[in-house]
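Make a model of the complete structure from these sequences and hints.
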Amino acid sequence: MDAVEINLTSIESEKYYEIGKGVTLTSHYFWPGFLLVNKNKFDSLTPEQQAAMRQAADEIVEPQVMAVKELDATVLKHLDELGIPVVTPSDAFKAELAAAFKPVVEQYEAVDPLIADFSAKAKTLTPAAQ
381 MDAVEINLTS IESEKYYEIG KGVTLTSHYF WPGFLLVNKN KFDSLTPEQQ AAMRQAADEI
441 VEPQVMAVKE LDATVLKHLD ELGIPVVTPS DAFKAELAAA FKPVVEQYEA VDPLIADFSA
501 KAKTLTPAAQ
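Quick note: the sequence shown uses our numbering, first residue 381, plus one each step.
Beta-carbon label-pair distances, calculated as ranges: (1) Val417 / Thr454: 28 to 34 Å; (2) Glu450 / Thr426: 32 to 38 Å; (3) Phe422 / Glu450: 30 to 36 Å; (4) Gln430 / Val491: 18 to 24 Å; (5) Leu462 / Asn418: 38 to 44 Å; (6) Ala437 / Phe481: 24 to 30 Å; (7) Pro465 / Ser390: 16 to 22 Å; (8) Gln435 / Pro465: 40 to 46 Å; (9) Glu428 / Asp471: 43 to 49 Å; (10) Thr426 / Val485: 33 to 39 Å; (11) Ala500 / Thr454: 26 to 32 Å; (12) Pro483 / Lys401: 31 to 37 Å.
With a Cα cut of at most 25 Å, we get these calculated DMTMM-like pairs of lysine to aspartate or glutamate: (13) Lys501 / Glu385; (14) Lys421 / Asp497; (15) Lys503 / Glu486; (16) Lys395 / Glu385; (17) Lys503 / Asp492; (18) Lys474 / Asp452.
The hints are simulated quantities; they were obtained by calculation from the structure and are not laboratory data. Idealized CB from N, CA, C, for every residue including glycine.
This is the structure:
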């Protein structure tokens, strides 16, 4: 295997490091968890209940990102212990990558205000998302 596009926690849990002998940290990928609710069930809730659910979902974004950041640090330490090379691309490369994907990001942000909101929040949590 020459390459795989996946998050660090999956590299660890699925032991991709046993086959792929290196990791490049492009910072383009984040494996989020999503809160999904049946639309009919959500619509049956009172406006106050809906607002509480929305607020709770919004409040968990930052702690979730920080938890993944901590897990990623643990995985990187383990990869180092295993002697797996980890390449961190230059800021210039990351800027080129972000510029290349910017039209795609903007396209999806324009599709739905929820996507735009999620993207805006993500950009406040990590410089790599900008």
